[in-house]
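Engineer: Residue strings, one per chain:
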Amino acid sequence: MTNRLSWFIIFWLIAVFAFLYAPIISVVVYSFNASKLVTVWGGWSVKWYGALANDRQIIDAAILSLEIAAISSTLATILGTIAGYVLVRFPKFLGRTAFSGMVSAPLVMPEVITGLSMLLLFISMEQLIGWPQGRGFTTVIIAHVTFTLSYVAVVMRSRFLVLDLSLEEAAQDLGARPLKVFFVITLPIVLPAIISGWLLGFTISLDDLVISSFTNGPGTSTLPMVVFSKVRLGLDPKINALATIIIAIVAIGVIIATVHIRRLERQRQRDEQMAMRAIAAQA
Amino acid sequence: MAAVEKTTKQPQNKHVSAPWNDPKAEPYIRIENVTKKFGEFVAVNNVSLNIYRGELFSLLGGSGCGKTTLLRMLAGFEVPTAGKIYIDGVDMAGIPPYDRPTNMMFQSYALFPHMTVEQNVSFGLKQDKYPDSEIKQRVAHMLEMVQLMPFAKRKPHQLSGGQRQRVALARSLVKQPKLLLLDEPLGALDKKLREATQFELMNIQDRLGITFIVVTHDQEEAMTLSTRIGVMNEGQIVQTGTPQEIYEYPQSKFVADFIGSVNLFEGQIIEDEQDHVLIRSDEAGGDIYIDHGISSAPGARAWVAIRPEKIRLTKQDLNEPHNCLSGVVKGIAYMGNLSIYLVQLDSGKQIKVTMPNQVRAAEFMIDWDDRVTITWHANSPVALLS
Amino acid sequence: MAATDIVRASRLPASGWLESLLSRLGISGRTLVIAIPFLWLLLYFFLPFLIVLKVSLAFIAIAQPPYTHYDAAGNFVLNIGDSYGRLVKDALYIKAYLNSLMVAAISTLLCLFIGYPFAYGMARCHRSVRNILLMLVILPFWTSFLIRVYAWIGLLKNNGLINEFLMWLGLIDSPIGMMNTNFAVYLGIVYSYLPFMILPLYANLEKMDMSLIEAATDLGCKPLKAFFLITVPLSFPGIVAGSMLVFIPAVGEYVIPELLGGPSSLMIGRILWGEFFSNRDWPTASAVAIAILLALVVPLMFYQKYQDKEMAKES
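Protein chains in written order, with the numbering used here: chain E, 1 to 283; chain C, 1 to 386; chain S, 1 to 315.
Extracted from the complex, chain E is given alone in its bound form (with noise of 0.2 Å):
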């Protein structure tokens, strides 16, 4: 497909990119901005990093932010990648149109809705049965777990779709039980898969406001829920130094992990070239 590509096209990719990033951008210069008018430029300046470190309230909610993100992406993680193997591996189940459904739904369902559900679930629990007592830091997690388990799920399932099921039956040819084929074959092969899953479930976590914000009780405001308080009051050259470690994170990941991928492609292609040597000093 090496077509030339028009003048259009090219201006087209270029203009969106533009429009991607020169907002990201423009927060990422601010950042240094002496002036505390976030717009009007005072000079460089790194003393809104330095606030922002001794921001307790920023701090706080970051951690718990962390924390809810690592452990509601963790299990995610496992529900997510057991929906995307039924998925794919058993066609004919009972009720097997609604929960495909309901794995899918929750990646288009307005925010407000499930959160408010959610809420009004958890309340109604707690009238029922007692438990979870309040709503906090379980609640959140348990809300978190509900919709990013849909992301993970997407993911595992494409990746579950690809990979060759004989793998799995020859596992049990040579007399592997099957939830030691799963353990010991499908697992380890569709690993990364599981990595990028679980990194898309903490970023969608770590991002989520509104569901949070339904979901959570008192004592217990994650970052975003602190960043659109501030944010609401007016720009904020603290939230502009937060956005840029953030994105600065974000790249940094995304280029460590291209990288890598770049050497297991080149290492790749070199372990095939040694193979084609082999053979023709075998013949």
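Where hints are given, some of them may not hold.
Okay, derived cross-link-like pairs now, DSS-like style, lysine-lysine, Cα gap no bigger than 30 Å in a straight line [to be verified]: (1) E:K92 x C:K37; (2) E:K92 x S:K309; (3) S:K305 x E:K92; (4) S:K207 x E:K92; (5) C:K84 x E:K92; (6) C:K310 x C:K352; (7) C:K253 x C:K37; (8) C:K84 x E:K180; (9) C:K191 x C:K310; (10) E:K180 x C:K178; (11) C:K253 x C:K310; (12) E:K180 x C:K129; (13) C:K192 x C:K352; (14) C:K37 x S:K305; (15) C:K153 x E:K180; (16) S:K313 x E:K92.
Keep in mind the hints are simulated off the structure, nothing from the lab.
Based on these hints, arrange chains C and S on the given structure of chain E.
Structural biologist: Chains C and S alone, transformed into the frame defined by chain E:
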């Protein structure tokens, strides 16, 4: 488990002992009236088959004929809708794949991508909790046999197609299964490699004495490899026999047409005796005399199948009562070792004739639009009733 | 049973105990595997909707929680009149409802018009370039959504970058009021949801067989016509998927109108939030949620159908 069973017979002698002709011989694998339905679709339709110890049996057929489904039922991946499968006298019903004395070599090889060659081959033995020393020894022995010892620490993606095929073979053989199932074992290899591997596969099978069932759509592969072939069509086995029987004595138009190339003439039986049958065919424009009887009702509809290489082509005018037709050469395809002639008979029917190119530039050369006479020996054609 | 089979059976793998325990309980491993995520979703995703439906039929009460199913006389009553009655009678709700659908629909179209040529261009790039572009599209998605919306405030304000830039160019004398307008809401939604449109379109266009276009041009079709006759119809599944991924969540969007829109940017998600948190009118908030769901049933079914079709195609 028994040590490697050494058989003394040579590959060439394989066809000499023929347990399927011995009524007293006990079949090793018995497939009895097995049917498999997927919803309304009948994939395998009432198949019965006996396979004997040490055989290399091929299931041959086009795609969707049910051969792979039959193989998967033997491995335990599919449960028959009806019928029974016995391996070495044991009913396989309810026995899951991981407890069956069978192993399978998959079409895609299904090598575990995260394990080395050695780990792949030892996987099956580890599942049965053999002592480490025995596993090591048996894996080494197997890798030696398929000449992959130098590649033991490689991962599958570091191997060529032919090497992967050998790893898959080693992995499925190392447990000394009673029955080895091979799904298109050579399908993924290129033509040259395929021919070399065919003989290697026969050699290994003969050395280990393990019973093989091979699924293939490649008739050439089935012909070279097998002790016997089962030809499948639409879920049924239409004929079972040695490669020679299948080729020389097909029992139906389907088999005659599926294996190799054939000319078919429709006709009517005029005489059917113990030692011959005479068929009058308007399609051929003459009578066809065959030196074997087929015990049918006189006047019945029948077909005569004759292979292109069994027909002789000449410019001389022979005038014999039977097995002698005339026509015009309408096309010649020069193939090097032989030439294919397309002859339009006086009846209008087109037939194919192959002749070896024995001499380089023949004085007898037959050219386009030449009038020719075609003849064949009375034992060459086969009369078919279906 | 042959001797070797008995030997095999006595060598049960370590995971065997769990399987035998389950089979003694009459549960197959398969059932258990299906049941775990199934029950979770039934309890935490499906059941909550029934509760929302139930609460939407309650009375407001000064209590904890602030609703009751009993009327003044103490009888259990399904109260349709209060919550749903308010939605129908009060023009504010209807206006917000219709406005949300319109904003979501227009934003979806905008995303499609911007995203399609983009995805098409990406799919036609060289392989190595393609992967980098794909990464660049996904990258913003990994950074915080909230912060990306926040970034626009700095750009759109009266003394923000865009106005400053335009005034520096001399194109305008006084700042254009862009913050707290519907324009800002559209911009925010298109900006935030554009990757969701691009990704399914790209996935579809990338897989498309280029020889189809070549065949069409070979048969005398002009490139632009071939694009509309071949490429666009074949990419229809991608268009549907992308549109649903943008439209459905955009209908209930809360954060974007709250931060970028003004008081006049009425959207139903904001109304729900307000009823719930400010007015503490849970029955009305629940009724609003049900009303949003009703509008989304058809798009949700489209989306689900696409998902199933994609799966069937791949397997």
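Engineer: Given the hint that K313 of chain S pairs with K92 of chain E, does the C-alpha gap stay at or below 30 Å?
Structural biologist: Between K313 of chain S and K92 of chain E the Cα gap is close to 17 Å, so the pair holds against 30 Å.
Engineer: Next pair to validate is K92 of chain E with K309 of chain S; report whether the Cα-Cα distance is within 30 Å.
Structural biologist: With a Cα-Cα distance of about 16 Å, the restraint between K92 of chain E and K309 of chain S holds, given a limit of 30 Å.
Engineer: Check the hint pairing K305 of chain S with K92 of chain E against an upper bound of 30 Å on the C-alpha distance.
Structural biologist: With Cα atoms ~17 Å apart, K305 of chain S and K92 of chain E stay inside 30 Å; holds.
Engineer: Hinted pair, alpha-carbon criterion (30 Å max): K84 of chain C, K92 of chain E. Please report holds or violated.
Structural biologist: Since the Cα atoms of K84 of chain C and K92 of chain E sit roughly 26 Å apart, the hinted pair holds (cutoff 30 Å).
Engineer: Given the hinted pair K310 of chain C and K352 of chain C, is their Cα-Cα distance within 30 Å?
Structural biologist: 10 Å, holds
Engineer: Are K37 of chain C and K305 of chain S close enough, with their CA atoms no more than 30 Å apart?
Structural biologist: Holds - the C-alpha atoms of K305 of chain S and K37 of chain C are around 28 Å apart, at most 30 Å.
Engineer: Quick one, are K207 of chain S and K92 of chain E close enough, alpha carbons at most 30 Å?
Structural biologist: Holds, at about 28 Å.
Engineer: Is K92 of chain E within 30 Å of K37 of chain C, Cα to Cα?
Structural biologist: Holds, because 16 Å separates the two Cα atoms, which is no more than 30 Å.
Engineer: With the threshold set at 30 Å, check whether the alpha-carbon distance from K192 of chain C to K352 of chain C stays at or below it.
Structural biologist: Answer holds: K192 of chain C to K352 of chain C is near 28 Å, not above 30 Å.
Engineer: Under the criterion that the straight-line Cα-Cα distance not exceed 30 Å, is the pair K253 of chain C, K37 of chain C satisfied?
Structural biologist: 26 Å, holds
Engineer: With a cut-off of 30 Å on the C-alpha distance, tell me whether K180 of chain E and K129 of chain C pass.
Structural biologist: 14 Å, holds
Engineer: Are the Cα positions of K191 of chain C and K310 of chain C separated by 30 Å at most?
Structural biologist: Distance of about 27 Å is within 30 Å: holds.
Every hint from the earlier list agrees with this structure, and none is contradicted.
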